[in-house]
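Chemist: Note that my numbering gives residue 64 to position 64 of the sequence shown, counting from 1, and the numbers run on in steps of one.
To be clear, the hints were calculated from the coordinates, so they are not data collected in a lab.
Wrong hints could be hidden among the right ones.
Derived EDC-like pairs: lysine to aspartate or glutamate, alpha-carbon spacing no greater than 16 Å straight-line [to be verified]:
id: 1; residue 1: Lys-77; residue 2: Asp-102
id: 2; residue 1: Lys-76; residue 2: Glu-4
id: 3; residue 1: Lys-17; residue 2: Glu-39
id: 4; residue 1: Lys-23; residue 2: Glu-38
id: 5; residue 1: Lys-17; residue 2: Glu-60
Cβ-Cβ distance ranges computed for the label pairs, FRET-style [stated by the list, open to error]:
id: 6; residue 1: Phe-10; residue 2: Glu-84; range: 21 to 27 Å
id: 7; residue 1: Asp-104; residue 2: Asn-49; range: 24 to 30 Å
id: 8; residue 1: Asp-104; residue 2: Val-37; range: 16 to 22 Å
id: 9; residue 1: Lys-101; residue 2: Lys-69; range: 22 to 28 Å
id: 10; residue 1: Ala-99; residue 2: Val-33; range: 34 to 40 Å
id: 11; residue 1: Gly-82; residue 2: Leu-7; range: 40 to 46 Å
id: 12; residue 1: Phe-10; residue 2: Glu-38; range: 19 to 25 Å
id: 13; residue 1: Gln-40; residue 2: Lys-77; range: 19 to 25 Å
id: 14; residue 1: Glu-80; residue 2: Glu-32; range: 26 to 32 Å
id: 15; residue 1: Asn-47; residue 2: Glu-84; range: 16 to 22 Å
id: 16; residue 1: Phe-10; residue 2: Ile-83; range: 40 to 46 Å
Owing to the predicted nature of the structure, the values given are computational and were not obtained by experimental measurement.
By construction, the Cβ of each residue, glycine as well, lies at the ideal position given by its N, Cα and C atoms.
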Amino acid sequence: MERELELGRFSVSLNVKDLAISKAFYQSLGFEVVAGVEEQNWLVLANGNAKVGIFQGMFEENIMTFNPKDIGPIHKKLDELGIEYSRQMGGVDYPKMAAFKDPDGNDILIDQHDA
Numbered sequence: 001m002e003r004e005l006e007l008g009r010f011s012v013s014l015n016v017k018d019l020a021i022s023k024a025f026y027q028s029l030g031f032e033v034v035a036g037v038e039e040q041n042w043l044v045l046a047n048g049n050a051k052v053g054i055f056q057g058m059f060e061e062n063i064m065t066f067n068p069k070d071i072g073p074i075h076k077k078l079d080e081l082g083i084e085y086s087r088q089m090g091g092v093d094y095p096k097m098a099a100f101k102d103p104d105g106n107d108i109l110i111d112q113h114d115a
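Sequences and hints are given; from them, build the entire structure.
Modeler: Structure, rendered in structure tokens:
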């Protein structure tokens, strides 16, 4: 069965109390820093296909993140479903990023990367 939507890579963005402590914890589990700026209080760590972003003081709730190659069909489907966006950025017809909440209030971010 073919998937209707390709949401792309999945990662979780965590609100952490202390970036250094969280970095050390995830590194002890085999994660390696692959992106971020420690002086700006954010890092992305990876272990195989698993990615965890750790962010200190940037947002209140944890966020599930999907990185599709093409966000256009996703926006179309979300619009059909009547999803209310909490944030949109990018182009006029189909922004490159959208944020919304699931029925339980969990934050979801769809973020298309050009690279």
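Chemist: If a hint holds in the structure, say so; if it does not, say that too.
Modeler: Here's how the hints hold up against the structure:
1. Between Lys-77 and Asp-102 the CA atoms are separated by roughly 15 Å; this keeps the pair inside 16 Å, and the hint holds.
2. As the CA atoms of Lys-76 and Glu-4 are separated by approximately 12 Å, the hinted pair is consistent with the 16 Å bound.
3. Taken as a hint, the Lys-17 and Glu-39 pair is honoured in the structure, with Cα atoms around 15 Å apart against an allowance of 16 Å.
4. Proposed proximity of Lys-23 and Glu-38 is supported: the alpha carbons are some 10 Å apart, at most 16 Å.
5. With a C-alpha separation of about 10 Å, the suggested pairing of Lys-17 with Glu-60 holds against the 16 Å cut-off.
6. For the pair Phe-10 and Glu-84, the beta carbons lie near 22 Å from each other, so the given range of 21 to 27 Å is met.
7. For the pair Asp-104 and Asn-49, the beta carbons lie near 25 Å from each other, so the given range of 24 to 30 Å is met.
8. The supplied range of 16 to 22 Å is broken by Asp-104 and Val-37, whose beta-carbon atoms lie about 32 Å from each other.
9. A hinted range of 22 to 28 Å holds for the C-beta pair Lys-101 and Lys-69, which are about 24 Å apart.
10. Separation of Ala-99 from Val-33 is about 25 Å and departs from the stated range, judged on CB atoms against 34 to 40 Å.
11. Take Gly-82 and Leu-7: their Cβ atoms lie about 19 Å apart, and the range 40 to 46 Å is violated.
12. A C-beta distance of roughly 24 Å is found between Phe-10 and Glu-38, which places it inside the suggested range of 19 to 25 Å.
13. Between Gln-40 and Lys-77 the beta carbons are some 34 Å apart, a value that contradicts the proposed interval 19 to 25 Å.
14. The supplied range of 26 to 32 Å is broken by Glu-80 and Glu-32, whose beta-carbon atoms lie about 39 Å from each other.
15. Checking the proposed 16 to 22 Å range against Asn-47 and Glu-84 shows it is violated: the Cβ atoms sit about 34 Å from each other.
16. In this structure, Phe-10 and Ile-83 break the distance hint of 40 to 46 Å, their C-beta atoms being roughly 18 Å apart.
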